[in-house]
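S.K.: If you want the building blocks of each chain, they are given just below.
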Amino acid sequence: ETGVTQSPTHLIKTRGQQVTLRCSSQSGHNTVSWYQQALGQGPQFIFQYYREEENGRGNFPPRFSGLQFPNYSSELNVNALELDDSALYLCASSLGSGGPQDTQYFGPGTRLTVL
Amino acid sequence: GESVGLHLPTLSVQEGDNSIINCAYSNSASDYFIWYKQESGKGPQFIIDIRSNMDKRQGQRVTVLLNKTVKHLSLQIAATQPGDSAVYFCAESGVATDSWGKLQFGAGTQVVVTP
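So the protein lines, in turn, are chains V and P.
For the first sequence, our numbering begins at 1 and goes up steadily by one.
For the second sequence, our numbering begins at 1 and goes up steadily by one.
Keep in mind the hints are simulated off the structure, nothing from the lab.
Check before you lean on any hint, since a few could be wrong.
To be verified - Incomplete in silico selection of chain P near chain V, CB under 7 Å: (1) Lys102; (2) Phe105; (3) Gly106; (4) Gly108.
What the hints assert, rightly or not - Computed Cβ-Cβ distance ranges for the label pairs, DEER-style: (5) P:Ala107 - V:Asn55: 24 to 34 Å; (6) P:Asn53 - V:Arg15: 41 to 51 Å; (7) V:Asn71 - P:Gly16: 42 to 52 Å; (8) P:Lys71 - V:Thr103: 35 to 45 Å; (9) P:Asn18 - V:Arg15: 41 to 51 Å; (10) V:His10 - P:Thr114: 28 to 38 Å; (11) P:Arg57 - V:Asn79: 36 to 46 Å; (12) V:Gln17 - P:Asp17: 45 to 55 Å; (13) V:Arg15 - P:Gly41: 24 to 34 Å; (14) V:Gln17 - P:Gln110: 11 to 21 Å; (15) V:Asn55 - P:Gly16: 41 to 51 Å; (16) P:Arg51 - V:Asn71: 25 to 35 Å.
Yeah, the Cβ is synthetic: ideal placement off N, Cα and C, and Gly gets one too.
Using the sequences plus the hints, can you model the full thing?
M.R.: Set out below in structure tokens:
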């Protein structure tokens with residue numbers, strides 16, 4: 001176990017709705033990263049937060065946003081859901097500032113289905 | 001663009017044999033490489049990592065080899081067991097500012113261990 005938890009486990013939404021996914025990092029881990037994993041593919045980097053500020057972002061539109069809180073929890077928010085947003089959403093926490101050699105430990109993911 | 005990819009989508013291995021999973025990368029600026037194992041319904045689990053200043057690194061039953069000349073990474077699993085059945089991902093990160101904190105994953109290799 002990595003000590004990283006995510007909620008909910010599964011979620012079903014309809015197109016156009018908004019969703020909030022939650023993650024609890026390992027205690028002491030200052031950095032959280034979020035990834036989207038479509039079925040049969042590798043995870044795709046969405047963004048990363050370090051000490052409550054975004055410090056890296058992948059190729060995702062602004063309707064994907066996040067928050068990180070001082071208690072090692074974080075959120076991923078997605079507005080105006082589209083069918084292609086259906087995926088497994090993973091968060092990963094790391095001890096350092098999120099640099100290239102900062103090992104990321106993943107949670108079990110939230111399976112989002114958009115109908 | 002830069003990518004990390006795997007040569008074989010599925011690898012069938014007999015229990016007790018050694019497994020070799022290959023990965024090619026194209027970003028010469030990559031300096032950190034990680035192998036993750038993902039079982040069905042779970043998040044990626046860290047297996048082993050290697051820095052670009054190393055050619056080989058060993059863990060428990062696993063060895064990672066890095067050949068920077070041909071931009072190739074491999075994961076060797078000794079005495080493969082049924083519990084090794086999973087999808088294996090290689091991931092890389094680099095020091096370029098625009099990739100800070102971003103892990104780039106390959107598509108994955110499904111390893112199936114047969115009795």
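S.K.: Decide, hint by hint, whether the structure agrees.
M.R.: Going through the hints against the structure:
1. Lys102: holds, 4 Å
2. Phe105: holds, 3 Å
3. Gly106: holds, 6 Å
4. Gly108: OK, holds: glycine 108 of chain P within 7 Å of chain V, min 6 Å.
5. P:Ala107 - V:Asn55: 24 to 34 Å: holds, 27 Å
6. P:Asn53 - V:Arg15: 41 to 51 Å: Hint holds: Cβ distance 48 Å, inside 41 to 51 Å.
7. V:Asn71 - P:Gly16: 42 to 52 Å: holds, 46 Å
8. P:Lys71 - V:Thr103: 35 to 45 Å: Check failed, 22 Å falls outside 35 to 45 Å.
9. P:Asn18 - V:Arg15: 41 to 51 Å: holds, 47 Å
10. V:His10 - P:Thr114: 28 to 38 Å: About 31 Å separates the Cβ atoms of histidine 10 of chain V and threonine 114 of chain P, which means 28 to 38 Å holds.
11. P:Arg57 - V:Asn79: 36 to 46 Å: Cβ of arginine 57 of chain P to Cβ of asparagine 79 of chain V: about 42 Å, so the range 36 to 46 Å holds.
12. V:Gln17 - P:Asp17: 45 to 55 Å: holds, 48 Å
13. V:Arg15 - P:Gly41: 24 to 34 Å: holds, 25 Å
14. V:Gln17 - P:Gln110: 11 to 21 Å: violated, 33 Å
15. V:Asn55 - P:Gly16: 41 to 51 Å: For glycine 16 of chain P against asparagine 55 of chain V, whose Cβ atoms are near 45 Å apart, the range 41 to 51 Å holds.
16. P:Arg51 - V:Asn71: 25 to 35 Å: Since arginine 51 of chain P and asparagine 71 of chain V have Cβ atoms about 32 Å apart, the given range 25 to 35 Å holds.
Hint compliance for this structure: hints 8, 14 are not met, and every other hint is.
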